[in-house]
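Engineer: Letter by letter, the chains look like this.
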Amino acid sequence: MSTRLEIRTPEGIAFSFALAGPVARCLAWIVDLVVIFIIWMGIMRAGQAALLIFPDVANAVMMLALFAVSIGYGLVLEWLWRGQTLGKRLVRLRVMDADGLRLQFHQVLLRNLLRFVDMLPLGFYFVGGVACLVSRRAQRLGDIAANTVVVYNRKPTEPDLDQLLAGKFNSLRQHPHLEARLRQRVSPEEARLALRALVRRDELEPIARVSLFSELADHLKSLVAFPPETIEAMPDEQYIRNVVDILFRTRDAEARPEARAKRKEPEMAGTRG
Amino acid sequence: MIIDLPRFIATERPTWTELEKMLDRLEEVHGRKMPLEEARRFHLLYQKVSADLGRVATFASEPELKQYLESLTARAYGEIHETREHGNKFRLIDWFLNEFPRAFRRQSGAFVISLVIFLVGMVFGGFATAFDEDAKEAIVPGQFAHLLRDPAKRVAEEEHPKHHRHGGDAHSEFASLLMTNNIRVGIRMLGEGITLGIGTIFELFYNGVILGMVLVDFILAGQTMFVLGWLMPHGVIEIPSILIAGQGGLVLGKALIGRGDRASLTERMRAIGKDLMALTCGFAMMLVWAGIVESFLSQYHEPVIHYWQKIAFGVVELAVLIWFLGFRKVPADSDTA
Numbered sequence: 000m001s002t003r004l005e006i007r008t009p010e011g012i013a014f015s016f017a018l019a020g021p022v023a024r025c026l027a028w029i030v031d032l033v034v035i036f037i038i039w040m041g042i043m044r045a046g047q048a049a050l051l052i053f054p055d056v057a058n059a060v061m062m063l064a065l066f067a068v069s070i071g072y073g074l075v076l077e078w079l080w081r082g083q084t085l086g087k088r089l090v091r092l093r094v095m096d097a098d099g100l101r102l103q104f105h106q107v108l109l110r111n112l113l114r115f116v117d118m119l120p121l122g123f124y125f126v127g128g129v130a131c132l133v134s135r136r137a138q139r140l141g142d143i144a145a146n147t148v149v150v151y152n153r154k155p156t157e158p159d160l161d162q163l164l165a166g167k168f169n170s171l172r173q174h175p176h177l178e179a180r181l182r183q184r185v186s187p188e189e190a191r192l193a194l195r196a197l198v199r200r201d202e203l204e205p206i207a208r209v210s211l212f213s214e215l216a217d218h219l220k221s222l223v224a225f226p227p228e229t230i231e232a233m234p235d236e237q238y239i240r241n242v243v244d245i246l247f248r249t250r251d252a253e254a255r256p257e258a259r260a261k262r263k264e265p266e267m268a269g270t271r272g
Numbered sequence: 000m001i002i003d004l005p006r007f008i009a010t011e012r013p014t015w016t017e018l019e020k021m022l023d024r025l026e027e028v029h030g031r032k033m034p035l036e037e038a039r040r041f042h043l044l045y046q047k048v049s050a051d052l053g054r055v056a057t058f059a060s061e062p063e064l065k066q067y068l069e070s071l072t073a074r075a076y077g078e079i080h081e082t083r084e085h086g087n088k089f090r091l092i093d094w095f096l097n098e099f100p101r102a103f104r105r106q107s108g109a110f111v112i113s114l115v116i117f118l119v120g121m122v123f124g125g126f127a128t129a130f131d132e133d134a135k136e137a138i139v140p141g142q143f144a145h146l147l148r149d150p151a152k153r154v155a156e157e158e159h160p161k162h163h164r165h166g167g168d169a170h171s172e173f174a175s176l177l178m179t180n181n182i183r184v185g186i187r188m189l190g191e192g193i194t195l196g197i198g199t200i201f202e203l204f205y206n207g208v209i210l211g212m213v214l215v216d217f218i219l220a221g222q223t224m225f226v227l228g229w230l231m232p233h234g235v236i237e238i239p240s241i242l243i244a245g246q247g248g249l250v251l252g253k254a255l256i257g258r259g260d261r262a263s264l265t266e267r268m269r270a271i272g273k274d275l276m277a278l279t280c281g282f283a284m285m286l287v288w289a290g291i292v293e294s295f296l297s298q299y300h301e302p303v304i305h306y307w308q309k310i311a312f313g314v315v316e317l318a319v320l321i322w323f324l325g326f327r328k329v330p331a332d333s334d335t336a
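Top line first, the protein sequences correspond to chains A and B. Quick note, in numbering that gives the first Met the number 0, the first sequence goes up one by one and the last residue is 272. Quick note, in numbering that gives the first Met the number 0, the second sequence goes up one by one and the last residue is 336.
Don't read these hints as lab results, they were simulated from the structure. Check before you lean on any hint, since a few could be wrong.
With the Cβ distance kept under 7 Å, some of the chain B side facing chain A (calculated, not the full set) [claimed, not checked]:
hint	residue
1	Thr72
2	Gly77
3	Ile92
4	Ala129
5	Thr179
6	Asn180
7	Val184
8	Arg261
9	Leu275
10	Gln298
11	Ile321
Glycine included, each C-beta is placed from N, C-alpha and C at the ideal position.
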């Protein structure tokens, strides 16, 4: 089972989505079950009064309503909310076309109709769970038939760099040409790794913390060699802070806080994928 | 490579914002179609954002920006490269009247197979009942225990003036029960196509066996008019709708197997998706009608209503169904959904 769905456009641009595993999907389904149960209770309570006056019709309507909710809940919500039910919204998942195209109604219908096969035996989702684990794109049978996948729909939050870096003097910035080279040579993954190490530094055991930052610093130093007098007295963790400061904060943004605030706008508003 | 990132962001941000706003509008309103000029602008913006993503992807310092542009590109990609008909409007009546017969005719081969399997099951069930007295008890499931009784006795009870009919006077409730139960059976039969059609074939055969047993049992007991009058008003709709569900299951199974088809599994599934939806919509609507008829008409027998009247009603229904599915003129395929 792969953890990411890679899509390459005809224009040669690639993007990817994180695929949801069986556990996250199971959580979303439990939430949905609770919601369906609450709606059922609501229908039965609403039908109590009508039962006294028109018992036959009220029973018929209630039976149809309960059936419609159990069949139509996933169908209607996934269609109207572009691949999300209440449970999926809470767990931040989304159903999407496996080729990245617009989700079609017949796809939503098919994956929901085939749910009962995935739920076998006795509603425990054993069939769906196994299919999800062995499938290349973490798909249950309904997803395979409908050509859909379930992906994480998390909105990335920008770390609070100001707090993290605390506006300290960054001696590496005395060398603009090396600063530019650093930006050029460090890959996005390496940059993200260094940032995460800083964000989670207080969660680490002291020895692990020293070891991690030492390893990261050695690697980054091998990419760009700053003059020895600049970095010789600098602890590894401080070196990583300075590097992250360079990678994530442009000089322009550092100089003008309002520009930094403006820069956050698109980053916070987007990323539905 | 981007030399001056702040300048790049400042220059390109209006493009990203404009595309994001267009995407928001598209996603907010179901079925919204863009005028030509807007579509051209949308395409241009998509190309520009894709190009920006290509430039940022090689640059280390802005992973959030890269993620943002990836997200914009992914959303726009889905809209730009979607060549299937708009899936936004779903009009149930329109689908039932037009798309359902079209899909039925397109997949008529699967219906014929579905019918043949069902008929083989009926013949098997009929022979089993005629030549093996114990067959009924061995084959009929517990939920149909009432079918195990002596047909002559049952007819005598049903025709008794004070007989308590199925559902009593609660016709609406009984009709709802029949509809929901039968639609579940239909969905299950279609869904079992995921087992490469094997589950669907078994269900079709088994349902045929049960019907064959019941028919032969009543015919051998000299109750042909009763059984036809009892089953035909709702059966001529209910049985074809189950066959159509089986047809859907076989279409699904065939697409999964893909024998003799060079298309990929994804392409095969895409090709049948709309037909499966139309068939589901069709058999569900048919079962709603069958439930109403079974509850409000089929449970009444002589002397309340003559059997020939019920049989005639069934014949008319069957004729209308055959005309509707096989011969009625339907408009050419449109973008109704």
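Engineer: Taking each numbered hint in turn, which are not upheld by the structure, reported in ascending numerical order?
Structural biologist: 3, 4, 6, 7, 8, 10, 11
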